[in-house]
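Q: Listed below are the residues making up each chain.
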Amino acid sequence: MATSQRPVQLFRNMSAKIAAIPMVLTALVIFVGCTIWTIVHSFTKSKLLPSTKWVGFDQYERLFSQNRWLISIENIAIYGICSLIFSLVIGFLLAAMLDQKIRFEDTFRTIFLYPFALSFIVTGLVWQWVLNPEFGIQSIVRGLGWESFVFDPLYDADLVIYGVLIAGLWQGTGLIMCLMLAGLRGIDEDIWKAARVDGIPTWKTYLLIVIPMMRPVFITTLVIIAAGIVKVYDLVVAQTNGGPGIASEVPAKYVYDYMFQNQNLGQGFAASTVMLVTVLIILIPWAYLEFGGKKQHG
Amino acid sequence: MKLFKTLLGCTTAMAMSTAAFATDLEVTHWWTSGGEAAAVAEFAKAFNEGGDKWVDGAIAGSGGVARPIIISRIIGGDPMGATQLNHGRQAEELVEAGLMLDLTDVADAEGWKNLVNPVRLLDSCTLDGKVYCVPVNIHSPQWIWLSHAAYEKAGVAVPSNWDEFVASAPKLKAAGIVPLAMGQQPWQTQLAFDTLMVAVGGQDLFVKILNGKDADAAGSAEAGKVFEAYANARALSDGSNVNDWNQATNMVITAKAGGQIMGDWAQGEFQVAKQVAGKDYTCLPGLGVNEIIATGGDAFYFPKSDDAEVTAAQKRMASQMISKSVQVAFNLKKGSLPIRGDVDLTAANDCMKKGLKILAAGNILPDGVNAFSADTQGQIQDLMVEFWNDKSITPADAQKRYVAIIASAD
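Here the protein sequences line up with chains A and B, keeping their order.
Its first residue numbered 529, the first sequence is counted upward by one per residue in the working numbering.
Its first residue numbered 4, the second sequence is counted upward by one per residue in the working numbering.
Bound-form chain A, shown alone:
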């Protein structure tokens, strides 16, 4: 008798579940469904239109024999690591400086955050001009008298990815700074007072007390920066279009070019699958440590 009266688990909180159905469907069909579709078709000989002619791992073999793909991976690795480190370091330093109760804080905050309001396309074009040897920094410094000054990263195949990195950092660190600043403001004043009473130097307080306390903020920024790294495409297209030569190609551009310009969907799908797998390899162990571990404690 008692068991029949108990509401079935499935129908508990019915309205919330119904409301969630559209999003669940979207997630299943769009994200999971399309991802599987893409992966399946990366094993086919799809050209301009998807086909189901099976070729096994041919597309992947070809992918990793392409110089352009290898350069793309190298570039994204350099861009990724540098952008991760510099975004966090510069973002935190700026935030810590703004946190010193300086004057005109609002003004500085606005200035630092402003580039984030620009799209990557605009950022890319702006920095293309700034780094152009005939109009930008090089010509200004030469105009000041240093005739032999050379600074043309966008025309040097070895340096070009750092030129892209500068533009990316200029655009992105403002946001990171704001998030960090919010995190710093969330630290209780009493902690600072206690640290001061104990005679701990400021830098040590930051490093050993404040930063560990800001862990959630760091994770948020990490996710934002990482997502920005994987999808970097428009910045490169606007700033260098992959040049000089193929020195600043990135994986996302490879995918686009193969799918839409070279009319080889199979190759593009294979490249995007590799991108997905790489992200998963990094993401899954991290998510396991981050969320799986907590459950055991809780």
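Derived by calculation from the structure, the hints in this document are not laboratory data.
Since the model is a prediction, treat every value here as computed from it, not as a measurement.
Glycine is no exception: its CB is placed at the ideal position from the N, C-alpha and C atoms.
Don't take every hint at face value.
Once the Cα atoms are required to be at most 25 Å apart in a straight line, the calculated BS3-like pairs of lysine-lysine come out as [to be verified]:
1) B:K174 x B:K156
2) B:K216 x A:K581
3) A:K575 x B:K133
4) A:K573 x B:K228
5) B:K307 x B:K133
6) A:K575 x B:K307
7) B:K282 x B:K176
8) B:K357 x B:K327
9) B:K336 x B:K357
10) B:K216 x A:K575
11) B:K176 x B:K228
12) B:K116 x B:K282
13) B:K318 x B:K307
14) B:K282 x B:K216
15) B:K56 x B:K327
Calculated from the model, a selection of chain A residues having no Cβ within reach of chain B, i.e. all distances over 10 Å [said to hold, decoys possible]:
16) L538
17) G561
18) L577
19) F592
20) C610
21) M625
22) I774
23) Y786
One-sided and incomplete, this derived list gives chain B residues near chain A with beta-carbon spacing under 8 Å [unchecked claim]:
24) A152
25) N392
26) D393
Dock chain B against the given chain A, drawing on the hints supplied.
A: The following block gives chain B in isolation, referenced to the frame of chain A:
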């Protein structure tokens, strides 16, 4: 829901209004430089005079930018009325998927088979005996354009072939002139290679590799010479940092550069700058070595529509584009050659006449666009771009990789 209904109402109303003026056709193309825009205006004029309305959908950037947009619109179910594409294999799969209008009835009624010259252009519009596009002009990439003023400044005679051009380069450099102007866009890098292949390697080699996909020919000593010449060109273009082809052409027009390897569409730019062929500039088909030109060109495709009136208007446009008067007006502005042999071109200039003469003599090549799939083309282009920008790659290395691509080409 209300919003959705309103939107639905709007779109239905829009669909109905297009049905009422079924003769509005949106035409997409990537002709945006001065000479090109003037040429495409001739098409629009003729179409508007026929009582229809030409809605211009120019896409800025090169074909490489425009093609993906055009193709994704057709595949995505938002087709335009008509669109420019280079004929050949770019639209092959779209045609096979039944997305393009069959123009066979118009072609048969007007006897296109008899009037298109060379007939190969119509063949590349034809699939399984049905015609799917209208060829509108003949373009050949195998030209070099030389600035008389630049050679005067350097104190050497204007070269009459590629070898003389290479020999004269040091004097140009000494006079502070860049010997070879080159835009940095990938297709230009590719074009220079194909042109050198015809000029230095000769017609047989070109046909063997580009049509026969013969990997042995690609690895032969003759092909090696082409790569050597290409490496030469790479060295000669040092100091030319422009991007677009018309900027490079402008270097030749203003005598900042000695010459440019570029297709005959460069002619439009010389015309806009009011320069005279033979007096201010010289053009050498086949780089003056092998006077052979390819007959690629542009064609218009008409995506299939369910609307009978749109279909009728598309067919009207197709028949206009190939008509005598429009062909003459368009090609004179474009600097290209007309696709029919029976038109009067007394107004043509020196360079166009050179082209017409070669065409009449039948010294024509199949165009690269016709032979390789977009995929293979992309691979070759990547290689050329890499080679062109990385001076540490030797011609022999590049050739080895080229052979590998040709061996797996489709």
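Q: For a C-alpha distance cap of 25 Å, please report whether K116 (chain B) and K282 (chain B) respect it.
A: violated, 39 Å
Q: Beyond 10 Å from chain B, beta-carbon-wise, is F592 (chain A)?
A: Given that every Cβ of chain B is farther than 10 Å from that of F592 (chain A), nearest at about 14 Å, it holds.
Q: Measure nothing beyond the straight line between the CA atoms of K216 (chain B) and K575 (chain A); if it is 25 Å or shorter, mark the hint as holding.
A: With Cα atoms ~19 Å apart, K216 (chain B) and K575 (chain A) stay inside 25 Å; holds.
Q: Is the nearest CB of chain B more than 10 Å from the CB of I774 (chain A)?
A: Given that some Cβ of chain B is not farther than 10 Å from that of I774 (chain A), nearest at about 5 Å, it is violated.
Q: Do the alpha carbons of K307 (chain B) and K133 (chain B) lie within 25 Å of each other, as the hint requires?
A: The hint holds at about 14 Å.
Q: Has the given pair, K216 (chain B) with K581 (chain A), been kept, meaning a C-alpha gap of at most 25 Å?
A: holds, 23 Å
Q: Between K282 (chain B) and K216 (chain B), does the CA-CA distance stay at or below 25 Å?
A: violated, 41 Å
Q: Is it true that the CA of K56 (chain B) sits at most 25 Å from the CA of K327 (chain B)?
A: With a Cα-Cα distance of about 21 Å, the restraint between K56 (chain B) and K327 (chain B) holds, given a limit of 25 Å.
Q: Between the alpha carbons of K575 (chain A) and K307 (chain B), is the straight-line distance 25 Å or under?
A: This hinted pair holds, its Cα atoms lying about 21 Å apart.
Q: What's the verdict on K174 (chain B) and K156 (chain B), does the C-alpha distance respect the 25 Å limit or exceed it?
A: At roughly 10 Å apart (the allowed maximum being 25 Å), K156 (chain B) and K174 (chain B) satisfy the hint.
Q: Just want to verify: Y786 (chain A) was marked as not at the interface with chain B; is every Cβ pair farther apart than 10 Å?
A: violated, 7 Å
Q: Is K575 (chain A) close enough to K133 (chain B), meaning Cα to Cα at most 25 Å?
A: Holds, because 23 Å separates the two Cα atoms, which is no more than 25 Å.
The structure fails to meet hints 4, 12, 14, 18, 22, 23, 24 from the earlier list, while all remaining hints are met.
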